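Colleague: Residues per chain, in single letters:
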Amino acid sequence: MQSRLAMDVNPFESVIVSEPRRIERPVSGLNEGPLEGLAGQLEKLAVGDFPRAIKLAGAQFVQSPAPGYGKSHLIGRLFKRLRGRATLIYLRPYTNASTCWKSILLKMVQELEFPESAEAEFCSEHETNQLEALVHGILVSVAIHGIKGGAIRVRDKQATVGYFQRATLKHLRSNEKWIGWVFEKRVKLAELMERQLKQRGIFLNASPLSWLSVLVHYAYRPKAYELRQACLDWLRGGSIDDDEAGQIGVLSADRPVHDLTMDQVNATGKDRIIDFCGLAGFYRPFVFCFDQTENYGSDPVMAKSLGIVIQGLVDDCLNHMTVVTANQAPWSKVVQPHWEHAHKDRLSQPALELRGLNKDQARELVKIRLEGWEPFSEKAAMILETGWLDNLFSKSKELGVRHFLLECSKRWLGPEPTTRPKPGKPAPQPAIDGLYHGYVNKIKSQPKRLVFDPDALYWLVQEVACRQGAAFKKFKSERGYLTARWDVDGRKIYFGFEAGHHFKRWQAIQKEAARYHAAETSSKVVFFRTPELRVIPGRGWKIAPEIAAAKNQYLHVIVLSRDDMAELYGAYDLYMDAVEEDIPVKPAAAIGFVRERLKHVWERVLEPAPGNWGGDEGGSAPPRPDGEPKTGLIHRIRDIVRREKFMSVADLMARISPPVSEEELHKARACIAEIQVHTSPTMTVLQWRPNQ
Amino acid sequence: MPVETLENQIEKLLFKLREAGPAGLTKGKLGVKDARGSAARALRTLMSERKVANLGTTTRTCFVLIEHFDPLERACEQIEKNALSKKSAREDTIELLIKKDLEKGCEGEVRKKIDEAIDWLVKEQRLHRFRRRRTLYYVHAENWRGAVHAGESEATFGNTADAPAGIANKAGDIDRQGVLAAYQRLKQRLGYSNVEISELRREAGCPLELLKIFLLEESRQGRAVLSLGDWSVSSEETRTGAIELFGKPHLLVRLDAE
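Just so you know, the sequences run in chain order A and B. The opening residue of the first sequence carries number 0 in numbering that gives the first Met the number 0; numbering runs sequentially from there. The opening residue of the second sequence carries number 0 in numbering that gives the first Met the number 0; numbering runs sequentially from there.
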């Protein structure tokens with residue numbers, strides 16, 4: 000008996016890939032050419048001895064004749080294909096050209112924390128993430144080469160090399176003797192690593208000792224939450240406390256000073272990326288995938304900055320493959336015209352072109368989508384009816400995947416007059432509202448997205464703003480901490496986007512904010528923070544009273560709740576997909592809707608009285624460590640959903656004891672590759688799909 | 000009285016047009032009376048967003064949802080209907096028709112597509128075209144076949160039936176090899192295989208309407224794939240190359256080697 004929920008879910012509704020690690024099984028033969036082309040390029044990066052120092056001739060360019068031909072799906076397939084052979088980085092568009100490298104690095108580090116398995120979105124307890132795998136790969140490679148070359152003396156060379164070749168991160172992490180040795184010999188190991196790199200002409204921007212110290216602390220001290228966060232801050236190019244830097248072993252010269260200008264921060268971001276790619280020579284290459292590139296066409300500066308970024312990656316970074324996906328018309332008409340010849344030359348030609356489905360592939364896709372539904376139901380038969388498919392493909396031998404799925408969706412839903420608006424009465428829920436709620440629910444089901452995203456926040460301040468055309472002004476403060484400004488109701492509101500936690504940096508921010516406030520006392524400075532970031536001011540900061548005083552006058556630190564983030568990021572995704580033409584909404588309409596929908600956010604931002612800013616906003620308690628979901632919870636969820644086949648998140652939560660929050664549940668659920676999530680404006684349904 | 004918002008009006012119009020389906024509605028039946036009223040504004044908005052189109056003329060309107068805006072197909076249907084309705088009084092005689100006979104009942108956008116539709120039907124061998132001096136005559140394939148069956152043996156029919164197709168090719172066909180060569184040049188130059196139809200026309204130097212018919216036929220035969228491209232960022236010139244398929248303007252074509 001088919002569950003009632005299954006009847007409510009339209010298997011053809013999902014037509015957009017928002018997370019490439021969660022794609023459905025591809026149909027046979029579809030776009031195999033581009034996939035093989037990309038995999039073939041990667042093979043070129045996997046030859047020769049470690050450490051490798053290989054550069055591809057250019058970035059790989061994947062072109063689609065129109066939206067909906069499977070660009071993001073191809074990235075997902077590539078991720079599956081390259082699982083274990085590359086470190087996979089998916090890059091949504093950045094929104095501020097002047098901090099492009101900083102944004103890319105931030106996303107890169109976020110992606111590095113994705114599971115090594117590349118099929119789930121969250122690491123379960125004891126599961127390895129990509130960064131840990133990279134650290135393990137680097138250490139093992141350095142050790143093996145050290146042993147082989149005699150720099151590391153062991154009793155039985157062959158046996159020890161064999162041990163390291165077989166050792167997993169889990170093995171080594173539980174080997175106290177090894178960990179103790181690594182920490183004790185860190186300086187020697189770093190020298191050895193440097194010598195090996197130099198032999199291949201690789202020179203790191205930061206010292207090898209700082210790199211090694213950060214990496215081993217991250218991988219081998221997972222329970223030391225504060226230090227691990229400091230390591231991540233450093234990897235993101237941010238400044239860290241001297242105490243923490245000392246404990247980790249970051250050399251003074253490699254500690255970004257607290258008052259770097261934005262340009263310097265951006266340059267540091269690029270240096271870190273170059274270093275990461277150099278270190279990848281010890282293990283396996285990076286794959287950077289730039290998706291949704293239409294968004295770079297929003298203005299010439301953005302379009303040009305993408306060209307500069309691609310040129311920078313191709314010219315300056317070793318051991319990586321950059322993939323750029325694009326829809327043909329926007330790319331050739333609004334992005335590439337702003338590129339210089341040098342930028343265009345960095346794209347490999349000819350482009351890898353996506354194609355549509357043929358009739359057999361369409362039939363296969365229908366069968367894939369109908370897995371889990373009653374196979375012989377009336378609706379399923381209707382979709383698989385030969386005559387209908389014949390008719391659909393009689394005018395064209397190929398159809399874009401999304402076009403075909405939308406046709407299936409229409410046929411599945413059939414005529415539903417009750418859902419249509421009645422004439423003479425306003426439509427109860429405009430379609431865009433439903434879409435928006437769907438996006439919000441989707442974000443809530445993707446716990447990895449619920450982190451600080453300066454690009455989404457910058458877009459919100461720049462593109463949406465509180466009022467049409469009136470508020471946003473392009474702006475850069477003297478030190479570059481404040482990057483946007485609103486002029487509204489005779490007041491100036493400055494914005495900064497800072498994920499770091501260094502007290503000196505915050506002191507510098509506070510001083511810059513104070514200068515602007517002193518020049519115009521009605522002004523204030525807004526910084527957004529998200530729950531996974533550490534609280535400002537930090538516990539034990541000597542300057543805490545100064546920051547607290549500033550927060551009572553002009554420094555408005557808005558700590559967004561996870562619900563706020565889901566709304567803001569949902570709005571951002573809605574807009575991005577509108578620009579991509581993935582949804583039938585014009586970008587301007589999306590902006591208009593979001594502006595109206597997020598009134599409560601503007602009210603918070605516009606509030607002039609510090610007394611109404613919500614006091615300490617976020618409290619002084621340190622953030623809860625972002626622990627991995629417990630294995631027991633994952634097993635329970637797996638058992639229940641496997642038994643039920645279809646169930647709503649609300650029902651699942653009711654069945655879990657002791658109770659868990661929706662966020663915890665989604666984190667645990669995201670570890671299970673066999674569970675597919677269907678989101679709609681009103682609910683989120685989980686489906687058991689073991690054959691994904 | 001509550002003020003009718005533009006959004007409400009749009010929803011109302013869309014509802015009516017959905018109900019009307021392919022038959023469409025006149026301006027009056029849509030409730031658009033005052034050209035400056037909110038209903039007229041809503042209709043203009045829908046037309047500029049290409050959600051609704053007028054199949055009729057400015058005075059005799061017939062508004063349909065864009066998925067039903069298929070003037071070429073309607074013209075073909077009407078022409079065939081007209082051609083089949085003219086039966087010869089004698090079994091051994093074929094009634095010859097002229098263009099005026101074929102275009103009866105076609106108005107507005109459908110009328111504009113008459114020549115294109117005739118070319119299409121000739122190419123499809125559903126209509127045969129004959130010339131005597133300056134006058135072109137037409138016979139529907141079924142009438143032709145029926146008459147030939149009545150008066151000829153099977154063997155003779157095979158030969159005779161080929162003749163109109165040959166005539167049609169000479170009269171309205173396009174230089175296939177020329178188009179393919181132009182496509183290859185364009186593909187080589189641009190570095191990708193989905194080229195703009197308008198650009199292909201410029202490269203091939205052939206009449207646009209004929210090229211469209213040719214590409215539609217190639218698509219039906221599985222030798223070409225039409226793609227939407229991106230209407231919003233395309234120039235007026237690019238848009239002239241649009242071929243309606245599934246109710247949407249397709250701007251790009253990929254020709255596959257046989």
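No lab work stands behind these hints: they were computed from the structure. Warning: the hint list may mix true and false statements.
[What the hints assert, rightly or not] A few chain A residues facing chain B, derived, Cβ under 8 Å:
#  : residue
1  : Ala65
2  : Thr260
3  : Asn326
4  : Gln335
5  : Pro336
6  : Glu339
7  : Asp344
8  : Gln348
9  : Pro349
10 : Ala350
11 : Lys396
12 : Arg401
13 : Ala498
14 : Gly499
[To be verified] Here are the simulated SDA-like cross-link-like pairs (lysine to any residue), alpha carbons at most 25 Å apart as the crow flies:
#  : chain 1 : residue 1 : chain 2 : residue 2
15 : A       : Lys473    : A       : Ala266
16 : B       : Lys50     : A       : Ile143
17 : A       : Lys394    : B       : Arg222
18 : B       : Lys15     : A       : Pro583
19 : A       : Lys629    : A       : Pro583
20 : A       : Lys43     : A       : Ile143
21 : A       : Lys79     : A       : Ile143
22 : B       : Lys15     : A       : Glu406
23 : B       : Lys247    : A       : Lys79
24 : B       : Lys103    : B       : Asn142
25 : A       : Lys409    : B       : Glu66
26 : B       : Lys50     : A       : Asp576
27 : A       : Lys366    : A       : Gly32
These numbers come from a predicted model, not from an experiment. By construction, the Cβ of each residue, glycine as well, lies at the ideal position given by its N, Cα and C atoms.
Colleague: Each hint should be assessed against the structure and marked as holding or not.
Modeller: Now for the hints, and whether the structure bears them out:
1. Because the smallest distance between the Cβ of Ala65 of chain A and any Cβ of chain B comes to about 4 Å, under 8 Å, the interface hint for this residue holds.
2. Interface hint status for Thr260 of chain A: violated, as the beta-carbon distance to the closest one in chain B is roughly 36 Å, over 8 Å.
3. At its closest, the beta carbon of Asn326 of chain A sits 6 Å from a beta carbon of chain B; the interface hint therefore holds under the 8 Å criterion.
4. Among the interface hints, the one on Gln335 of chain A is violated; its C-beta lies about 11 Å from the nearest C-beta in chain B, farther than the 8 Å criterion.
5. For Pro336 of chain A, the interface hint is violated, the least distance from its beta-carbon to any beta-carbon of chain B being 11 Å, above 8 Å.
6. A cut of 8 Å between beta carbons decides the hint on Glu339 of chain A: the least distance to chain B is about 18 Å, and the hint is violated.
7. For Asp344 of chain A, the interface hint is violated, since its Cβ never comes within 8 Å of a Cβ in chain B; the closest pair sits about 13 Å apart.
8. The closest approach between the C-beta of Gln348 of chain A and any C-beta of chain B is roughly 5 Å, which is under the 8 Å cut-off, so the hint is satisfied.
9. Using the Cβ-Cβ criterion of 8 Å, the hint placing Pro349 of chain A at the interface with chain B is satisfied: the shortest such distance is roughly 5 Å.
10. Hint on Ala350 of chain A holds. Least Cβ distance to chain B is approximately 5 Å, under the 8 Å limit.
11. Satisfaction of the interface hint for Lys396 of chain A is found here, the shortest Cβ-Cβ separation to chain B being roughly 4 Å, below the 8 Å cut-off.
12. Using the Cβ-Cβ criterion of 8 Å, the hint placing Arg401 of chain A at the interface with chain B is not satisfied: the shortest such distance is roughly 10 Å.
13. Hint status for Ala498 of chain A: violated, given a least beta-carbon distance of 34 Å to chain B, over 8 Å.
14. At a threshold of 8 Å, the smallest CB-CB gap from Gly499 of chain A to chain B is about 39 Å, leaving the interface hint violated.
15. Distance check on the hinted pair: Lys473 of chain A and Ala266 of chain A sit about 21 Å apart at the alpha-carbon level, within 25 Å; holds.
16. Under the criterion of a C-alpha separation no larger than 25 Å, the hint pairing Lys50 of chain B with Ile143 of chain A is inconsistent with the structure, at around 66 Å.
17. Under the criterion of a C-alpha separation no larger than 25 Å, the hint pairing Lys394 of chain A with Arg222 of chain B is consistent with the structure, at around 11 Å.
18. Between Lys15 of chain B and Pro583 of chain A the alpha-carbon distance is near 20 Å, which keeps this suggested pair within the 25 Å criterion.
19. Using a Cα cut-off of 25 Å, the hinted pair Lys629 of chain A and Pro583 of chain A is violated, with the two alpha carbons roughly 40 Å apart.
20. A distance of roughly 23 Å separates the Cα atoms of Lys43 of chain A and Ile143 of chain A; the hinted pair therefore holds under the 25 Å criterion.
21. The suggested pairing of Lys79 of chain A with Ile143 of chain A is violated, with an alpha-carbon distance near 28 Å, which exceeds 25 Å.
22. Between Lys15 of chain B and Glu406 of chain A the CA atoms are separated by roughly 22 Å; this keeps the pair inside 25 Å, and the hint holds.
23. The straight-line distance between the Cα atoms of Lys247 of chain B and Lys79 of chain A is roughly 35 Å, outside the 25 Å bound, and the hint therefore fails.
24. With a C-alpha separation of about 19 Å, the suggested pair Lys103 of chain B and Asn142 of chain B falls inside the 25 Å cut-off, and the hint holds.
25. Simply put, Lys409 of chain A and Glu66 of chain B have alpha-carbon atoms about 13 Å apart, close enough for the 25 Å limit, and the pair holds.
26. About 20 Å separates the Cα atoms of Lys50 of chain B and Asp576 of chain A, which keeps this hinted pair within 25 Å; it holds.
27. Taken as a hint, the Lys366 of chain A and Gly32 of chain A pair is honoured in the structure, with Cα atoms around 23 Å apart against an allowance of 25 Å.
Of the numbered hints stated above, those contradicted by the structure are hints 2, 4, 5, 6, 7, 12, 13, 14, 16, 19, 21, 23, listed in ascending order.
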